[in-house]
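Use these hints to put chains B and C onto chain A, whose structure you have.
Chains as they are written, first to last, in my numbering: chain A, 497 to 826; chain B, 76 to 362; chain C, 193 to 540.
The hints are simulated quantities; they were obtained by calculation from the structure and are not laboratory data.
Ideal Cβ positions, reconstructed from N, Cα and C, are used throughout, including at glycine.
Hints are supplied without guarantee of correctness; some may be wrong.
To be verified - Pair by pair, the computed Cβ-Cβ distance ranges are:
(1) B:N211 with C:K284: 39 to 45 Å
(2) B:P243 with C:K422: 52 to 58 Å
(3) B:P297 with C:M454: 29 to 35 Å
(4) B:V299 with A:S714: 43 to 49 Å
(5) A:S714 with B:I181: 52 to 58 Å
(6) A:S714 with B:P314: 56 to 62 Å
(7) C:H477 with A:E647: 50 to 56 Å
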Amino acid sequence: MVNWTKITDATRHYLKQVFQSDDLILSYTDSHTPGMMTPVVIRKAEDIDSIILNPICTQNLAVYLSEFFQNDIQTGKPVKGKWYITVKPCDVRSVIQMMADEQILKEHIELIVFDCDGTVTNKNLKELFKSEIRKVDFNDHQAKAETLLNEELTADLSGLYQVKCSDREICSIPAVNEFTFIGERERFEFSGTAKNTAIIQDTLTQEECFEKVSAELSKCIRCNACRNICPACFCSDRCVMDKPKLSVPYITKEITLDQIFQYHLIRFYHVAPNCTACGECERICPQGISLSIFYKYLHRMNKHLFGDESGSSDSDRQKLLSYRFGEDLV
Amino acid sequence: MSNQPNHYLPSFGKILEINQENTLIKSFVVSAPDSMQTAQVVPGQFFQLSALGYGEVPISISEIDYNKKTLLFCIANTGAITAKIHEMQPGDEIGIRGPYGNGFPIAALKGKNIVVVAGGIGLVPLRSIIHYSLMNQGYFNYMEVLFGAKSTADFIYREEIKQWRLKPDTTIKVTIDNPEKDWNGNVGFVTNFLQDKCPDHSEVLYNIDPSFKNTVVLVVGPPVMYKNVFKALEKIEFPDKQVFLSLENHMKCGIGKCGHCNCGEKYVCLDGPIFSWLEMKSLPKEY
Amino acid sequence: MDTNRIYKKDMVQVFSALKKLNISVIGQGFDEKQRLVFKKVSSFQELALDEITPLQPVKSFLFPPTEKVFSYAKQDEKYQITPETSPESSEKKVLFGLRPCDVHAIEYLKKFYDGHFPDQPILRYLENTIIIGIACEHPSNACFCTTMDISPISSTGADVFLTPTENFFVIEFLTEKGKSLQSAFSEVLKSSEATDVQWKQNIETETSKKLLEKIEINSIKGQINKAYDKPLWKKYSDVCVACGGCTFDCPTCTCFDMRDVMESKKTGYRYRAWDSCSFASFTLHASGHNPRNTKMDRLRQRIMHKYHYTVTNMQTWSCTGCGRCVRVCPVGINTRSILKDIKEALHE
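With the rest of the complex left out, here is chain A:
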């Protein structure tokens, strides 16, 4: 079981030792939103103490890496220092996949992997406490919360981890990259239990499947949140969905079911080879759409059809991909 105070202290301690000017740290800190952490970019050694690690560090920080590098390419300023990124075991794959896709330069990145029993979203917490909370603290599997009326509540987290945390495969760290591990064990083992959902494509007929997916997608408001949070969606401002062009007249910005379908299908087929099933798109959907119906299926089909497992190697080009670093048209 993870002692979060120890993990946080050990991470801060390590970073203080290695940090030099020009370096940059991507980590988590308090967001002042109850039940939520916020990513933080640290550029000064004295800010290292703001780092906090706990089971609500849900965000996948890999998404920021490609953006920073693109910034550097655009401004023509080469990356000077080292970039330290604190990641959960599940997010390691996203970073490794970005290295394989030549979206980031591996010699500049140092991975700091911290031990984790599973993460909970603020939605999970709400289900757990059945009340709006003002504040929450964690230790081991225990969460201690304060309600809006300052009543104290404690609860056990182990039954409430995110759906993706039930997938042992996602948690295992691919043995390809050097990294620093913060935790008590070298071998990571998942100790929590979480609700599991099957891939619906397995159990339904084509028609049933279409109906179910339509029902989910009809909620979509095409805000683009799932695209923008996705570490595998690195076309950034060049996305074909942003500026409907005359050369692709079938893409419009309308929020009708066919356009919604088109958006999600294009997106998921684009990211199929490099989606590491981190589940961020599903977590952040403001409409609560279960996007796992797509990514879980594609992730598995990619493995099944091409033998590719995204995020398992930092140098092998995925078979579905064939572009190069710095290329204009991704």
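For chains B and C alone, coordinates are given in the frame of chain A:
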């Protein structure tokens, strides 16, 4: 409330004549829709032109013929929609909404010395005010047009410029950014006319009236040019109230609702597109 | 003020009376996947008034995420334009049990879409909408209405206002529009008792206890633009992923995009769809120049627009403190914290 007219519906004008100004720019003479009050159109205002099926673009008015009820638009082929407008032929119908925006403060410009500073296709919206001075002889005290283009290939309105030169109380100066073989005229940025770097004239503004009291500068060009013009004017302490420019932010609705052109507390389509330099100073640099 | 009581058990009759009047009711309830949303309800039981507000704002019923503006057809080289009016826009509807924050948001929309060039399609929706507000007993942990000068019991902007108690509502008919509904309630209206004036006050006291600490920002009202060049923005824009969630779920965000679709050589339509100032494409010129080129510019624009530009233009914050932006933000950017930081930066 809802018995008000729906401002999003375009009317239609007929394209009467098309002229190729240079490789990038065509000018279109369009008959105004019957429902439009052309008498109220002011130089500096803009219209939303539609190529139906492709979209709508804001285009400044270049000339208004109040008698014939025709409008002249000069359109650069820079995007998908303008490309479609370029494919149109005389006799075609074009969707049109407007006029929108504030336009130049014509009343306040009466009797002034007008210095027009145009960079490239920035001359397009300024043509409306030059045309206004041709139509209203003596309305302005004096007019000087400073026009800078990248190269001779980027010139527009060659014929019109010749005519403008014939007009009394009007001076036209043209410059190109880099020297060219058969070009004997000025070379350098148009902003040089406002400083003493210009080889054949120095400090246009001082020459007109060293007190600047009765002089107004109207400037339209790309955003970088504004920066340089302001720098030059700042140096000679030209009053900021007497400088007007036109912003060209991205626009969709033209009536202050869609939010695209919002810059500071101003909506370019409603409060602009013409702003004084004084107003610009209070706006964030988001243009 | 005339107040009455209406018992919750009698609401069945009110709902069937509204149905007879051909008025549809929209309120907060659960959808088939147990998600809290605003939806059309057919009975009082379907409403979930004891929950916090749904994440998705009610504005989608007044300003749909996508709507056709007009369709066109070309015949003999001439265009024929047909304005598209969706049947929903002229349908009479009641927004039942809107919290004061959301009622204020609709007030803001009304003010914004009116003006020099009224937005006729949206105003038609608003015209046919009757708002039944309710005093707020269930704030979320992201709410900050009091910071935005809105009391959890404010009835401003509502046509009818309810104050909930355990068994009944204290009901006030405030406007002409609200009074037009009186007939639907008349059979079950009970006279109120002298003590009923107390209920509202009680709710205010109780709800205030639940709300997070109020940030006093009236002292910086009208001066927030002075924070434009302060370093605070970087902290937030560093981690913002520009997902647009905060703008799509904001009840007072009004921006939209307009585009054309060609259906055949001669027919097509123009539609509008919600747009967001968080997207780079929002201000991108055809030339490639972008006035708000960085995420920082865009994040600052959203904050400045809500807390400064509309204060200058319309003398009101365009934020009601409903907390949806805080709840939706996937990376934990907290608007309250930004306001706090602005205040600190200005007092330095």
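Inset, instruction - List, from low to high, the hint numbers that the structure doesn't satisfy. - result: 1
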